[in-house]
Amino acid sequence: MRKTDKKIDSQLINLLTDVCDSAAEGVEGFQWLTHRVNYSNFPESLQIICVFDTDESVTRYKLMENKVLLPLIQAKLNTMGIKFKNIAPHVSYDSEERCNKEHGGNWAKRLDQH
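Numbering of the sequence shown is given in UniProt numbering, commencing with residue 1 and proceeding in unit increments.
I should point out that these hints are in silico values taken from the structure, not numbers from a laboratory. Treat the hints with care, as some may be off.
Said to hold, decoys possible - Here are the computed distance ranges between Cβ atoms for each label pair:
(1) K7 <-> K62: 27 to 37 angstroms
(2) D5 <-> E56: 17 to 27 angstroms
(3) N100 <-> T79: 28 to 38 angstroms
What the hints assert, rightly or not - Dumping the calculated DMTMM-like pairs for lysine to aspartate or glutamate here, alpha-carbon to alpha-carbon at most 25 angstroms:
(4) K83 <-> E97
(5) K76 <-> E44
(6) K83 <-> E65
(7) K67 <-> E97
(8) K62 <-> D18
(9) K67 <-> D18
(10) K76 <-> E28
(11) K83 <-> E56
The C-beta atom is built at its ideal place from N, Cα and C for all residues, glycine as well.
Put together the whole structure using the sequences plus the hints.
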């Protein structure tokens, strides 16, 4: 990773930590989030994975009309000058329950599939 990539990654981690802290208080079942990115194709390759406690929590969130995570993530990315016309394709959802069932709780292995 180049020095500039490390700087961008550090900024992403900081802003996504803010998103995580806000979401943990207001989004039922939300646990944590992480990101994956190929810096040779940044920001187009940016993928944010939001993790919930159960599959049911993911389903409930997806059915909500006001998906608070999307505008929250977009607002934070905007502060870095990263603007997407539609943030939704860059955000996916998963659950601790599904990881435990399919990968025995091994998130490193699971995230390789995202």
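Hint by hint, here is what the structure shows:
no.: 1; hint: K7 <-> K62: 27 to 37 angstroms; verdict: holds (34 angstroms)
no.: 2; hint: D5 <-> E56: 17 to 27 angstroms; verdict: violated (37 angstroms)
no.: 3; hint: N100 <-> T79: 28 to 38 angstroms; verdict: holds (34 angstroms)
no.: 4; hint: K83 <-> E97; verdict: violated (32 angstroms)
no.: 5; hint: K76 <-> E44; verdict: holds (16 angstroms)
no.: 6; hint: K83 <-> E65; verdict: holds (22 angstroms)
no.: 7; hint: K67 <-> E97; verdict: holds (21 angstroms)
no.: 8; hint: K62 <-> D18; verdict: holds (21 angstroms)
no.: 9; hint: K67 <-> D18; verdict: holds (17 angstroms)
no.: 10; hint: K76 <-> E28; verdict: holds (21 angstroms)
no.: 11; hint: K83 <-> E56; verdict: violated (31 angstroms)
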